[in-house]
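Spelled out from the first residue to the last, the chains are:
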Amino acid sequence: MAALETTVETSLESGLATLFARERASLAGPLWLAPLRAEALSRVLREGLPHRRVEAWKFTDLRNKLVPDLDIAKGNGATPPSLFAGMRAHHVGINGGRLTNAPNTDGLPDGLEILSLAEALATPSLWLRQWLQPTADPLENLNLAFVADGAMIRVGEGVRVALPLLLRVTQGEGGAMAHTRSVVSLEAGAELTLIELDDGNPETQGFANTAMSIVLEPGARLTHLRLTASAKPAIVVRNDDIELARDASYDGAIFSSGAALARQQMRVRLNGAGASFNVACAYAASSNEHNDYALEIVHEAPHTTSRVLAKGVAAGSGHGVVQGRVVVQPAAQKSDSHQLSRALLLSAHAEIDQKPELEIYADDVKCGHGAAVGALDEDQLFYLRTRGISEPDARSMLVAAFLGEITDRVANEAWRERVAAWLAERMARVTGEGA
Amino acid sequence: MMLQINDLHATVDGKKILKGLTLSLGEGEVHAIMGPNGSGKSTLSYVLAGREGYNVTSGAVTFRGRNLLEMLPEERASAGMFLAMQYPVELPGVTTMNFLRAALNAQAKARGEPEVDAVTFLKRIKEAGAKLSMSDEMLKRAVNVGFSGGEKKRNEVLQMAMLKPRLAVLDETDSGLDIDALKVVAEGVNAMRAPDRSFLIITHYQRLLNHIVPDRVHVLSGGRIARSGGPELAHELESRGYEEKASA
Numbered sequence: 018m019a020a021l022e023t024t025v026e027t028s029l030e031s032g033l034a035t036l037f038a039r040e041r042a043s044l045a046g047p048l049w050l051a052p053l054r055a056e057a058l059s060r061v062l063r064e065g066l067p068h069r070r071v072e073a074w075k076f077t078d079l080r081n082k083l084v085p086d087l088d089i090a091k092g093n094g095a096t097p098p099s100l101f102a103g104m105r106a107h108h109v110g111i112n113g114g115r116l117t118n119a120p121n122t123d124g125l126p127d128g129l130e131i132l133s134l135a136e137a138l139a140t141p142s143l144w145l146r147q148w149l150q151p152t153a154d155p156l157e158n159l160n161l162a163f164v165a166d167g168a169m170i171r172v173g174e175g176v177r178v179a180l181p182l183l184l185r186v187t188q189g190e191g192g193a194m195a196h197t198r199s200v201v202s203l204e205a206g207a208e209l210t211l212i213e214l215d216d217g218n219p220e221t222q223g224f225a226n227t228a229m230s231i232v233l234e235p236g237a238r239l240t241h242l243r244l245t246a247s248a249k250p251a252i253v254v255r256n257d258d259i260e261l262a263r264d265a266s267y268d269g270a271i272f273s274s275g276a277a278l279a280r281q282q283m284r285v286r287l288n289g290a291g292a293s294f295n296v297a298c299a300y301a302a303s304s305n306e307h308n309d310y311a312l313e314i315v316h317e318a319p320h321t322t323s324r325v326l327a328k329g330v331a332a333g334s335g336h337g338v339v340q341g342r343v344v345v346q347p348a349a350q351k352s353d354s355h356q357l358s359r360a361l362l363l364s365a366h367a368e369i370d371q372k373p374e375l376e377i378y379a380d381d382v383k384c385g386h387g388a389a390v391g392a393l394d395e396d397q398l399f400y401l402r403t404r405g406i407s408e409p410d411a412r413s414m415l416v417a418a419f420l421g422e423i424t425d426r427v428a429n430e431a432w433r434e435r436v437a438a439w440l441a442e443r444m445a446r447v448t449g450e451g452a
Numbered sequence: 206m207m208l209q210i211n212d213l214h215a216t217v218d219g220k221k222i223l224k225g226l227t228l229s230l231g232e233g234e235v236h237a238i239m240g241p242n243g244s245g246k247s248t249l250s251y252v253l254a255g256r257e258g259y260n261v262t263s264g265a266v267t268f269r270g271r272n273l274l275e276m277l278p279e280e281r282a283s284a285g286m287f288l289a290m291q292y293p294v295e296l297p298g299v300t301t302m303n304f305l306r307a308a309l310n311a312q313a314k315a316r317g318e319p320e321v322d323a324v325t326f327l328k329r330i331k332e333a334g335a336k337l338s339m340s341d342e343m344l345k346r347a348v349n350v351g352f353s354g355g356e357k358k359r360n361e362v363l364q365m366a367m368l369k370p371r372l373a374v375l376d377e378t379d380s381g382l383d384i385d386a387l388k389v390v391a392e393g394v395n396a397m398r399a400p401d402r403s404f405l406i407i408t409h410y411q412r413l414l415n416h417i418v419p420d421r422v423h424v425l426s427g428g429r430i431a432r433s434g435g436p437e438l439a440h441e442l443e444s445r446g447y448e449e450k451a452s453a
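Protein chains in written order, with my numbering: chain G, 18 to 452; chain D, 206 to 453.
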């Protein structure tokens, strides 16, 4: 086999090359997968891990944050109690890169299938190839090079799954990378509520690089709730590829707070007329936390709609980033797109970067964007304090209220309360180090 | 003594507003402070509540035996001070229910008292709301968001009724109220009059004092008390205006 061609710039990349050489024989998968993994890694090594000189990573320096010599997670990390313990759902667990808990088929309603990627790869499984191809994205390529497992979730045509599906990705192991890849596929007219929880608390740096493909066939509806609730010093990268066919709809609420670095990359393609994508993102970054949302939404078909609302808070030395790029292709006439990003800056050392971009190639469309950064309102703070609420509590309340617009998007009351409670706890920490 | 203000001087943005204000308010008493625009009425209320930017340059304020000026706004509240604001603030995303519960519990905690349990709280706020013609639906809405002027003032009185302060400072609570709303507010205040509770009613007009009869009326002019008298002074001011009395 030919040696990997590399232009390694840092010890990180050379560490990855060494690791891949050592592990490649034991990485899961049929014969056809091995060269795809090698190609994906060589792309990573050729371009290097992302850093701030790369436009898409202008505000986030992953390469500098990662420690060298990260090993491959072996799926044996400790699992802390779940924020969503006791909630009624179909529970699926991924720990340290391995699917550790999937409901057996008997426990699932007709039309909902959940398969382990590792198990699927142990069979000839040529159909999986479409989900395992190198791309232009370095994190997706890194994921493909090392991916061990993931959840393959399919909802059959016209099936409405009553209970939410809870996918929990825990990062229990310090010093390890976990690359998982999942696919959520909703056939025509299917409906699913997908809830994801990224958490875990490694004592040394863990790196979770999760890829997820979401495919919504005509008329399918996905309701999505995600909490990226990892704790420092974790680094979390989420890569979402979302495709919507005719009249399909995606409705998401995404929350992120706690990790040393969290980057959520969402690539959305509205491929069929009448498709609708609506996401609300929240982040709260306290000191030494970096929260980055990078969205790219491409309107390919006419009469498609996209909505992005991002709200964030940065305190101490926290850093928040929201980048939203909307592309309207020539065929996407009568498309309607709006993005709004608002942020609260709670200290002089905190940083917020918001960068909306529009690329419009059609002439009959409605596109808008707005961005604003401000501080807490002094009149509101004083009002709360005159009623006996201490200044730190008043700050927490106002910040929680600011993000409440995102929490309110969680339609189910029981889940919303869990999210709000988690957020309130995070707020107390974030505002505690306010000014 | 509930509140003792001695020779109080205060500035806002470097401008002298209060210039030697002295006032004694006994337990259970209701005093009205009347005065024209710019006489320092609102400055007095903000100084008492502890608003940043309202700087006391000299003088003393003693509230229930404690040096008020050394206390944070939230400490003043827990010690029993309440300010009903002239322009109540809107709090998007914070419901009146949650806001009041947080306030009650914060004050209870500061005083070393047990927190109010959810059931008792709900019962109390519904009763208090009903007396002020505030529906449950209003209580579940964000504080003052989308409220009319009158609704905002009723919300202030609701908060006062729930927090049961020892001293309530009402800053132009009558402004912007029609006669029916004025009566509702006045009834709310009158229902709370008690031997251990005092009121400082700051107003431009006499009409609120037809419904809440004060023990004493003071005329604030040029940053100090220019004249004091009984309830009849309010009527006199109403008929003759401030100009003459201020210079008297």
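Calculated directly from the structure, the hints in this document are not laboratory data.
A virtual CB, placed ideally from N, CA and C, is assigned to each residue, including glycine.
Treat the hints with care, since some could be wrong.
Dumping the calculated SDA-like pairs for lysine to any residue here, alpha-carbon to alpha-carbon at most 20 Å [said to hold, decoys possible]: (1) D:LYS345 / G:LYS91; (2) G:LYS249 / G:SER133; (3) D:LYS345 / G:GLU434; (4) G:LYS91 / G:LEU138; (5) D:LYS314 / G:ALA445.
Which bits of chain G does chain D cover? Going by a derived footprint, with three or more residues having C-beta under 8 Å, they are [what the hints assert, rightly or not]: (6) 331-343; (7) 418-424.
Taking beta-carbon pairs under 8 Å as the criterion, some of the chain D residues facing chain G (in silico) [said to hold, decoys possible]: (8) LEU288; (9) GLN291; (10) GLY298; (11) VAL299; (12) ALA307; (13) ALA311; (14) GLY317; (15) PRO319; (16) ALA323; (17) THR325; (18) LEU368; (19) ALA386.
Evaluation of the provided hints:
1. D:LYS345 / G:LYS91: violated (49 Å)
2. G:LYS249 / G:SER133: The hint is violated at about 29 Å.
3. D:LYS345 / G:GLU434: holds (16 Å)
4. G:LYS91 / G:LEU138: holds (17 Å)
5. D:LYS314 / G:ALA445: Roughly 17 Å separates the two Cα atoms, so the pair holds.
6. 331-343: Coverage by chain D is violated for the region 331-343 of chain G (0 residues, Cβ < 8 Å).
7. 418-424: This one holds; 4 residues, not fewer than the three required, reach chain D with a Cβ under 8 Å.
8. LEU288: For LEU288 (chain D), the interface hint holds, since the closest Cβ of chain G sits about 5 Å away, which is under 8 Å.
9. GLN291: violated (12 Å)
10. GLY298: holds (3 Å)
11. VAL299: Result: holds, 5 Å to nearest chain G Cβ.
12. ALA307: Nearest chain G Cβ about 6 Å off; hint holds.
13. ALA311: holds (5 Å)
14. GLY317: violated (14 Å)
15. PRO319: violated (15 Å)
16. ALA323: Check failed: Cβ of ALA323 (chain D) comes no nearer than 14 Å to chain G, outside 8 Å.
17. THR325: At about 18 Å, which exceeds the 8 Å cut-off, the nearest Cβ of chain G leaves the hint on THR325 (chain D) violated.
18. LEU368: holds (7 Å)
19. ALA386: violated (21 Å)
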